[in-house]
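Residue numbers (the numbering used here), protein chains in the order written: chain B, 1 to 223; chain L, 1 to 236; chain G, 1 to 250.
It is worth saying that the hints were derived from the structure and are not from the lab.
The structure displayed is predicted, hence computed values, not measured ones.
One or more hints might be untrue.
What the hints assert, rightly or not - Here are the simulated lysine to aspartate or glutamate pairs, EDC-like style, with alpha carbons at most 20 Å apart:
(1) G:K235 to G:E161
(2) G:K85 to B:E216
(3) G:K25 to G:E58
(4) L:K135 to B:E216
(5) G:K85 to G:E58
(6) L:K32 to L:D15
(7) G:K111 to B:E216
(8) G:K184 to G:D135
(9) G:K12 to G:D71
Said to hold, decoys possible - Partner residues are not named here, just some residues of chain B that face chain G (Cβ under 7 Å, in silico):
(10) S119
(11) I120
(12) G123
(13) A127
(14) T131
(15) G132
As the list claims (entries may be wrong) - Residues of chain G clear of chain B, computed beta-carbon distances all greater than 12 Å:
(16) G69
(17) L107
(18) A108
(19) T134
(20) G153
(21) P226
(22) P227
The beta carbon of each residue, even a glycine, is placed where N, CA and C say it ideally should be.
If you want the building blocks of each chain, they are given just below.
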Amino acid sequence: METLLTVFFNVEIMKKVWPFLLQGLGMTVVLSLVVIPLGLAGGLGIAILSSLQRRWLNRVLIVYVDFFRAFPPLVLLIFIYFGFPFLQIDLPKFAAVALGFFLNTSSYFGEIFRAGFESIPRGQLEAARSTGLTRWQALVSVVIPQATRNVLPDLISNTLEVIKLTSLASVVALPELLNNARQAQALTYNATPVVLAALMYLLLLWPIVRLLSRLEHKSIALH
Amino acid sequence: MNPVVNVPPTMSTLDRFLFSFFNPDIAGRYWKAIAEGFVTTTWLGVTVIITGLVVGLALAVARAQHVKPLNFCIIVFADVFRALPPLVIIIILFFAFPYIEMAMSAFTATWLSLSLVLAAFAEEIFWAGILAVPKGQWEAARSTGMSRLETLQHVVLPQAVRMTVPPLTNRVMAITKGTALGSVVALHEILNVSSSASSESGNATPLLVGACAYLILFIPFVWFGRWIETRFAWKR
Amino acid sequence: MKQDLPPILELKGLVKSFGALQVLKGIDFSVQPGELAFIIGPSGSGKSTLLRCCNRLEEPDGGSVTVDGIDITAPGVDINRLRQKIGMVFQSFNLYPHMTALGNVTLALRKVQGMDKATADAKGRAALERVGLTDKADAYPNQLSGGQQQRVGIARSLALEPLIVLFDEPTSALDPELVGGVLKVMRELRESGMTMVVVSHEMAFARAAADRVVFMDQGQIVEQGPPEEVFGNPKHARLREFLATLADRH
Chain B
1 METLLTVFFN VEIMKKVWPF LLQGLGMTVV LSLVVIPLGL AGGLGIAILS
51 SLQRRWLNRV LIVYVDFFRA FPPLVLLIFI YFGFPFLQID LPKFAAVALG
101 FFLNTSSYFG EIFRAGFESI PRGQLEAARS TGLTRWQALV SVVIPQATRN
151 VLPDLISNTL EVIKLTSLAS VVALPELLNN ARQAQALTYN ATPVVLAALM
201 YLLLLWPIVR LLSRLEHKSI ALH
Chain L
1 MNPVVNVPPT MSTLDRFLFS FFNPDIAGRY WKAIAEGFVT TTWLGVTVII
51 TGLVVGLALA VARAQHVKPL NFCIIVFADV FRALPPLVII IILFFAFPYI
101 EMAMSAFTAT WLSLSLVLAA FAEEIFWAGI LAVPKGQWEA ARSTGMSRLE
151 TLQHVVLPQA VRMTVPPLTN RVMAITKGTA LGSVVALHEI LNVSSSASSE
201 SGNATPLLVG ACAYLILFIP FVWFGRWIET RFAWKR
Chain G
1 MKQDLPPILE LKGLVKSFGA LQVLKGIDFS VQPGELAFII GPSGSGKSTL
51 LRCCNRLEEP DGGSVTVDGI DITAPGVDIN RLRQKIGMVF QSFNLYPHMT
101 ALGNVTLALR KVQGMDKATA DAKGRAALER VGLTDKADAY PNQLSGGQQQ
151 RVGIARSLAL EPLIVLFDEP TSALDPELVG GVLKVMRELR ESGMTMVVVS
201 HEMAFARAAA DRVVFMDQGQ IVEQGPPEEV FGNPKHARLR EFLATLADRH
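Turn these sequences into a full structure, and let the hints guide you.
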């Protein structure tokens, strides 16, 4: 029991590594704030393009979405980070990480928004068009607001996944929370920093998980 | 951290690209190792899916017994393992547990982490499915003298599981892709083998072979998910 | 109704197919200002498709659709501007569930006509008043009965001050006790001089309010005339059969 305390919950070490981990948490938040809006915008773009019902465009979009959903995000990240130098493209670390996560995240958000668009009855678009709204105006005022509300639980769930995803950036030594925790662990020969990092993730993400449980139970119950 | 880029300086851009990404010599040298990684990834994936789904279903069934302290524990378990990034769990199991004399292999650490995460998500999905079965179904079955467990088994679960297939398929795929995280603790699965081959040879071909291996493994999954979704969309 | 004026709506040789199935086989049809034309016919006869071609929710394959002298099928016309002059009321209401009744009515005023919110709201309230729903302006569709929803749908097209309103089975989705309210609004609209084309099965309404009844079958107009003639002395065998099956049903 005592070893458990000194190795996993060592208060001395916690005090020492706390600022360093907080720095890492800052990077985790920044990375999330970059990747989530980009991914949402990309996903919405995919859904809007596929609502045009152009056959070839749709095939291209499906290939994009399936391709980047099939790759484990870490594989994508490693491929971009270690593969791009061979193409003589020198991407800064943050950009490489953001690009890898964007490709993955936008395809997931794309699928979610597409399902949302499909959940809106055709009559909604027709009613809007019959009063003279353009396709674009009808999308913005009538389809997107309803679609977003219909798939809100999925959007939040995927947002949670994106924040968890940022921990992979530690593999290429981007100084985010997990990366800093592992460095601190190596320096202190003690597991406390990683446990502390886990607690910080819990604190950050637990409210989202709770919210999600509520929304999901409600939405399945409606079907 | 970047590997040495090992390209003859006199090559044209296209030749350099082909040499770095589509190099048959390098592919020939490493494909066996990558194939072994493929077997490890597949085996890890299968064990994770089985463990995660079985544990998740068991927890959901346990939760349907409405024992308050037990339910509290199940909810805490599900919340924690849905909130924590899987890589954090793997790292704690692999690097931190040895400090308390509980060292485990890279395979065990990855398998256990992903199974716990899948169990947490699967429990929530199964539970939502159980809740979605109308109360009248319970009452009808109980009125014919069936026990709570019998009702669950013969009446509620068959209906609940149908509803859970699409979300479960997506979740299983997302978590199975997490097998690549094993590379961080030096488990010799596809990503680990191909990225170390790539830095050893100073050539990106093994990475590309590895990427293809993942496509072979997961594209059928993606298609299955699509098929499931259209199938269930008709029924609605 | 003014017979000597040019027609508000004129279809010439209208043709439309879905795949191999020809739904409209060359329709010639026109509506005078202030006229209420009532289209009847068995299901699958092409009534709804005809209506939906009039504002190009369906693209006609051939022929022309002229509204107030403008060929709306001509290349380069601004169909969105023209659609404001052609109101449409749907069988399934198609109200936007995320907006209040007033929001539904004013959306096009604000987005297409660029009206400021205060002006649009005033116009929207006036339109809701015409359908007797002044007090429901801030209600959401799911707080309204089916009949009230359909009246909001009518107000949504009236707010744009259309030249003509197309009704696509406006009462078919309603419980019987709610039909009366909608028909009453349509009747008042007709008395105020609005030009209307109505696809419906409400034969009593047709007898009482229509200027002309048009019978369609298998993609063609088979017979048309004043209601007392079409109902009282049908000439065509298929029309007789159709009316007989209706009588059986009631």
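- Item | Minimum beta-carbon distance criterion (7 Å), B:G123 to chain G | For B:G123, the interface hint holds, since the closest Cβ of chain G sits about 4 Å away, which is under 7 Å.
- Item | Given pair status - G:E58, G:K25, alpha carbons within 20 Å | Given that 20 Å is the threshold and the Cα spacing comes to 15 Å, the pair holds.
- Cut-off 7 Å, beta-carbon criterion: hint that B:T131 touches chain G: 4 Å, holds
- Item | Agreement of hint B:A127 with chain G interface, Cβ distance less than 7 Å | Holds, about 4 Å.
- For G:L107, is the shortest beta carbon distance to chain B beyond 12 Å? 6 Å, violated
- Hey, G:K85 versus G:E58, does the alpha-carbon distance stay inside 20 Å? 17 Å, holds
- Report holds if the minimum CB distance from G:P227 to chain B is greater than 12 Å, and violated otherwise. 27 Å, holds
- May I ask you to test the interface hint for B:G132 with respect to chain G, counting a Cβ-Cβ separation under 7 Å as satisfied? 4 Å, holds
- So is G:P226 really clear of chain B, every C-beta pair being over 12 Å apart? 29 Å, holds
- Has the given pair, G:K235 with G:E161, been kept, meaning a C-alpha gap of at most 20 Å? Violated: G:K235 and G:E161 sit about 38 Å apart, past 20 Å.
- Item | Verdict on G:G69 as a residue remote from chain B, using beta-carbon distances over 12 Å | 18 Å, holds
- Quick one, are G:K12 and G:D71 close enough, alpha carbons at most 20 Å? The hint holds at about 11 Å.
Comparing the model with each numbered hint stated earlier shows that hints 1, 2, 6, 7, 10, 11, 17, 18 and 20 do not hold.
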